[in-house]
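There are 2 protein chains.
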Amino acid sequence: MPEYKAPVRDMQFVLHEVFNAESIWAKLGLDEVNRELADAILDEAAKISETLLSPLNRSGDEEGVSWNDTVVTTPKGYPEAFKELAEGGWGALAGDPEYGGQVIPKMLVLMFEEMSYGSNIALGLYLSLTSGAALAMANHASEELKQKYLPNMYAGKWAGSMCLTEAHAGTDLGMIRTKAEPQADGSYSITGNKIFITGGEHDLTENIIHLVLAKLPDAPAGSKGISLFLVPKFHVNDDGSLGERNGVSCGSVEHKMGIHASATCVLNFDDAKGYLVGEVNKGLMAMFTMMNYERLSVGVQGLGLAAASYNGALDYARERLQSRSPAGPQNADGPADPIIVHPDVRRMLLTQKAYVEAGRAFSVFVGQQLDTAKFGEGEEQVRAAGLVELLTPIAKAFLTDKGLECTVIGQQCFGGHGYVREWGMEQYVRDVRIAQIYEGTNGIQALDLMGRKVAANGGKNMAVLIQEMRDYAASATTAGMDEFTAPLKKACDSLESLTQDVLAAAKDDPHAVGAASVEYLNAAGYTIYAYMWARMAEVALQNSDDAFYSAKLHTARFYMTRLLPQLDAMAASVRAGSDVLMALPEEAF
Amino acid sequence: MPEYKAPVRDMQFVLHEVFNAESIWAKLGLDEVNRELADAILDEAAKISETLLSPLNRSGDEEGVSWNDTVVTTPKGYPEAFKELAEGGWGALAGDPEYGGQVIPKMLVLMFEEMSYGSNIALGLYLSLTSGAALAMANHASEELKQKYLPNMYAGKWAGSMCLTEAHAGTDLGMIRTKAEPQADGSYSITGNKIFITGGEHDLTENIIHLVLAKLPDAPAGSKGISLFLVPKFHVNDDGSLGERNGVSCGSVEHKMGIHASATCVLNFDDAKGYLVGEVNKGLMAMFTMMNYERLSVGVQGLGLAAASYNGALDYARERLQSRSPAGPQNADGPADPIIVHPDVRRMLLTQKAYVEAGRAFSVFVGQQLDTAKFGEGEEQVRAAGLVELLTPIAKAFLTDKGLECTVIGQQCFGGHGYVREWGMEQYVRDVRIAQIYEGTNGIQALDLMGRKVAANGGKNMAVLIQEMRDYAASATTAGMDEFTAPLKKACDSLESLTQDVLAAAKDDPHAVGAASVEYLNAAGYTIYAYMWARMAEVALQNSDDAFYSAKLHTARFYMTRLLPQLDAMAASVRAGSDVLMALPEEAF
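If you're matching them up, the sequences are chains F and X in order. Using the UniProt record's numbering, read the first sequence as starting at 1 and increasing by one per residue. Using the UniProt record's numbering, read the second sequence as starting at 1 and increasing by one per residue.
Don't read these hints as lab results, they were simulated from the structure. What you are looking at is a predicted structure, and each value in this text was computed from that prediction instead of being measured. Positions of the beta carbon are idealized from the N, C-alpha and C atoms, including for glycine. A couple of the hints might just be wrong.
[What the hints assert, rightly or not] A few chain F residues that face chain X, going by a derived Cβ cut-off under 7 angstroms, partial list only:
id	residue
1	M1
2	K157
3	D333
4	A336
5	W423
6	A515
7	V518
8	P565
9	A572
[Stated by the list, open to error] Restraint ranges, calculated between C-beta atoms of paired labels, are given here:
id	chain 1	residue 1	chain 2	residue 2	range
10	X	K460	F	T51	30 to 38 angstroms
11	F	E377	X	E422	46 to 54 angstroms
12	X	V464	F	A474	47 to 55 angstroms
13	X	E379	F	D482	17 to 25 angstroms
14	F	K47	X	E206	52 to 60 angstroms
15	X	T477	F	R177	45 to 53 angstroms
16	X	G334	F	H255	26 to 34 angstroms
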């Protein structure tokens with residue numbers, strides 16, 4: 001397996017040079033966070049990713065988790081590594097400071113996430129599910145629950161899980177059957193079966209705090225009758241010590257394509273004691289706090305694995321000697337040239353590089369909106385919150401789709417060795433594949449974008465985004481920027497007219513939104529990446545003597561000329577309309 | 001795992017209705033092969049695929065092959081199944097009749113291959129490697145070798161393998177180090193190490209006949225000094241009985257992403273006795289006979305697994321109840337609608353269907369050229385041979401790229417269940433992935449196409465293909481065909497002008513060919529699929545009352561409007577030229 005190398009320099013470039021994060025943080029009143037602290041965090045995150053997480057990645061894949069009579073055992077080294085992560089404070093980064101959390105901006109937390117996923121997604125998941133559960137609790141749980149549970153979750157002494165899916169209810173959570181019966185003491189008795197619970201059971205922590213969707217006996221049908229409950233694996237006594245086992249147990253673990261070291265559990269709740277989080281029948285809304293957090297985080301999984309795969313492919317392309325350059329020998333003393341001399345190998349590497357670096361900038365852009373929505377004020381805060389809504393499904397789906405594409409390319413660079421487990425490149429493909437599926441499949445993300453985030457408000461937030469990109473293109477007057485702002489402007493025009501066309505079609509056609517959704521999301525993704533590359537190119541143009549910046553400029557050019565044309569294909573596909581999908585009778589498929 | 005259902009009706013449609021195969025066979029003098037025989041073969045192939053091969057597919061994946069001190073054991077049931085396949089005569093289909101082969105046209109053999117790969121690629125590989133080795137021998141080996149080995153290979157009593165790759169020499173076979181020392185008895189002593197040898201060792205047959213590339217002591221450097229040798233695992237006595245073990249043994253097997261039941265071996269040759277096949281130093285040419293056969297066959301692996309995945313996804317989409325149609329409940333009595341009501345699920349299914357059915361027609365089109373090149377005469381034969389050269393890399397790469405795309409889509413239709421091994425959809429993804437890599441990576445196929453098959457002859461064979469497609473479009477005057485011939489004509493224009501642009505750029509730019517190659521191959525693939533869909537649409541228009549034909553028409557429309565626009569994106573990418581790939585210094589990546 002390629003050794004994980006954290007792309008710290010590239011992260012600093014995005015954070016400090018492209019986004020000028022320090023000034024954003026100052027403006028948001030996050031005075032304790034500055035460039036120095038950010039760099040220290042990046043360095044420390046790089047160290048644990050490279051030395052603690054990465055060495056366990058392939059062994060964890062080979063060994064996997066094992067299940068025996070409700071007990072789940074993680075691979076060798078995982079409990080110790082998780083403990084070290086927890087003690088390093090990595091579970092508290094974005095937590096509520098009242099309960100032991102740190103106030104680290106999301107823009108920076110995302111980079112830790114990229115590194116932890118890129119070096120060992122399976123292990124990283126246990127931590128990020130815990131952070132996500134803590135986030136939902138911080139926003140919706142009672143003071144009593146927060147005091148009792150949050151400090152140990154932030155400290156990584158206890159882990160968290162989110163329990164939504166049932167065998168017959170995945171996308172359609174309105175169909176869940178898990179029941180919550182009110183008890184005399186104000187708690188609830190939870191009974192039902194959940195599947196696909198990441199980190200639902202394991203041996204990493206002494207307790208696991210499950211957030212569970214269930215229905216009260218008198219709840220309305222469908223998604224408006226769902227409530228959220230906190231169900232600890234072990235009861236917690238008033239003095240904070242652990243009590244007896246609660247009525248929740250692991251019935252089995254799934255055998256999966258990848259993320260073998262992550263326990264994907266069947267959880268059986270049998271008269272388990274649970275505590276209401278948020279309001280009755282408003283559980284889905286409370287859970288969405290967690291899901292939005294997780295969705296961006298899942299996008300970053302696509303980014304992290306793509307970056308790791310690029311890193312491996314690049315090293316291999318520099319070392320593997322095979323055939324000669326079409327321009328004549330470049331390594332005349334060797335038996336053959338390194339394969340990086342071949343145009344098509346460069347095309348593969350540049351495709352990875354262009355998607356990875358734009359993806360990193362994009363995730364930080366979303367992080368900026370999240371931070372502004374959380375710490376900002378007034379109109380700026382409202383605007384950022386609107387952008388978060390709009391951008392979350394794009395980040396989840398586009399980053400993970402590109403994650404698969406990039407890890408497949410990285411594997412391809414290795415030829416036959418890419419297919420052999422020992423080399424590690426195929427694991428990236430298997431591991432990243434889940435990110436397109438869980439937390440709402442990418443098709444569901446596209447529906448969320450096109451339906452709830454665009455059509456439902458007449459494209460208001462999309463108009464804000466397009467305006468920002470146009471304003472940028474108009475204001476970027478550094479010499480040489482035309483090459484990058486011209487395609488960006490054209491992309492904005494395409495995306496705008498595509499948005500209008502779909503909105504118009506949706507007036508009379510109930511299928512217009514669903515028929516357009518996936519390609520529309522892609523069109524938005526390609527446009528946003530053009531925006532990111534234009535911004536990176538501008539910084540590079542101001543520093544073009546240096547090889548690092550010159551590489552940014554070349555990659556921006558590659559993106560605009562060789563990848564952005566996909567936007568037109570997506571737009572053409574959307575404009576084909578819904579009839580071509582709906583006219584075929586179901587039985588004729 | 002979805003039960004494999006052989007798409008016999010669709011195969012008959014392509015063979016009899018679209019290509020009118022019976023008339024082609026009659027014209028080629030293959031009088032014994034008619035529609036009745038073809039249908040009987042399809043039915044029998046469907047039966048063994050569904051009842052013999054498919055039931056072993058998932059168990060074979062879970063169990064895998066095992067290696068212990070040179071002995072390779074295949075999964076439970078594999079030796080018996082292979083024996084039954086062999087005894088059914090499936091190894092002799094396209095063999096030389098002088099040695100026990102049958103004269104079944106490639107157009108038909110391909111359909112058996114699609115079924116065997118679609119139901120169990122790992123098991124199918126043992127047979128097709130044997131057929132490929134037999135083909136190379138039938139074309140290049142001495143009469144003595146043919147008489148001694150071919151009958152038992154056709155009968156599946158002995159298997160075959162092709163031994164090319166060495167650890168340091170994959171794409172660049174000129175670098176191989178395996179040595180062949182001439183012996184007094186006219187044989188050669190072969191010494192060296194080969195890797196990635198599919199079926200290099202196993203327990204399916206009593207003997208294995210290896211075709212091995214090696215170099216004579218005085219051979220010229222590079223690819224012009226390679227000779228081909230036949231090296232049996234067990235010596236064969238003059239009476240046909242097996243003698244002692246030869247000096248070849250299996251050093252280990254690879255642990256791979258997929259095709260777990262296929263033994264991918266390290267083979268060590270240590271003073272093994274080998275026999276020259278073909279002429280000294282012309283081994284690569286002889287091996288190409290086998291490789292071209294294998295390359296089309298590998299393309300069909302992409303097709304077969306895509307078709308199997310479509311079949312599974314379609315069943316699931318009809319059964320899985322989740323959410324309601326945007327047009328209101330379609331299954332009002334049930335708790336939710338089947339997911340096939342959703343536009344985006346239909347988009348996924350139609351994408352699979354459009355690629356699979358065009359791919360099947362395309363493979364038969366290539367089969368037609370192979371049959372004409374083999375059995376035809378005069379100009380027609382020469383023209384077909386030229387088209388085979390041109391189409392082989394497209395078939396290998398485009399069919400397998402679409403194979404990955406389609407199996408990923410099929411997995412996606414299953415949501416979380418798609419990621420779980422038990423459901424079988426992820427195995428298709430893992431299994432098909434190798435087909436983009438082996439027998440020359442798809443990048444190498446694209447270079448072969450753009451360099452050797454297009455640029456090297458000024459685009460002559462490509463012009464023949466484009467002319468055929470244009471002639472067809474001009475002659476297809478059935479009412480309603482404009483909808484399909486108009487985009488086909490436009491695609492032909494695009495492909496032609498793209499070809500001319502690349503040829504022009506290649507005059508001064510050594511990197512032009514490599515920079516254009518992959519997208520160019522894709523552009524050709526999309527155009528050819530438009531041709532296939534136009535031909536299928538024409539048959540459908542003449543039978544449009546029936547649901548079967550109406551589905552063809554709908555799918556053709558879907559292809560032209562929603563998938564063919566990719567062609568423009570590919571063309572734009574090619575026209576970006578090579579500078580954008582080559583200008584970045586290697587150290588700046």
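Here is what the structure says about each hint:
1. M1: 13 angstroms, violated
2. K157: F/K157 check fails; min Cβ-Cβ to chain X is 29 angstroms, beyond 7 angstroms.
3. D333: Check failed: Cβ of F/D333 comes no nearer than 15 angstroms to chain X, outside 7 angstroms.
4. A336: With a minimum Cβ separation of about 6 angstroms from chain X (threshold 7 angstroms), the hint on F/A336 holds.
5. W423: Where the cut-off is 7 angstroms and the nearest Cβ of chain X is about 10 angstroms from F/W423, the hint is violated.
6. A515: 4 angstroms, holds
7. V518: 6 angstroms, holds
8. P565: 4 angstroms, holds
9. A572: F/A572 check passes; min Cβ-Cβ to chain X is 4 angstroms, inside 7 angstroms.
10. X/K460 / F/T51: 30 to 38 angstroms: Violated: the Cβ-Cβ distance is about 58 angstroms, outside 30 to 38 angstroms.
11. F/E377 / X/E422: 46 to 54 angstroms: For X/E422 against F/E377, whose Cβ atoms are near 51 angstroms apart, the range 46 to 54 angstroms holds.
12. X/V464 / F/A474: 47 to 55 angstroms: Holds: the Cβ-Cβ distance is about 51 angstroms, inside 47 to 55 angstroms.
13. X/E379 / F/D482: 17 to 25 angstroms: With a Cβ separation near 54 angstroms, X/E379 and F/D482 fall outside 17 to 25 angstroms, so the hint is violated.
14. F/K47 / X/E206: 52 to 60 angstroms: Since the Cβ atoms of F/K47 and X/E206 sit about 57 angstroms apart, the hinted range of 52 to 60 angstroms holds.
15. X/T477 / F/R177: 45 to 53 angstroms: 59 angstroms, violated
16. X/G334 / F/H255: 26 to 34 angstroms: Because 30 angstroms falls inside the window, the suggested range holds.
The structure shown violates the earlier hints numbered 1, 2, 3, 5, 10, 13 and 15.
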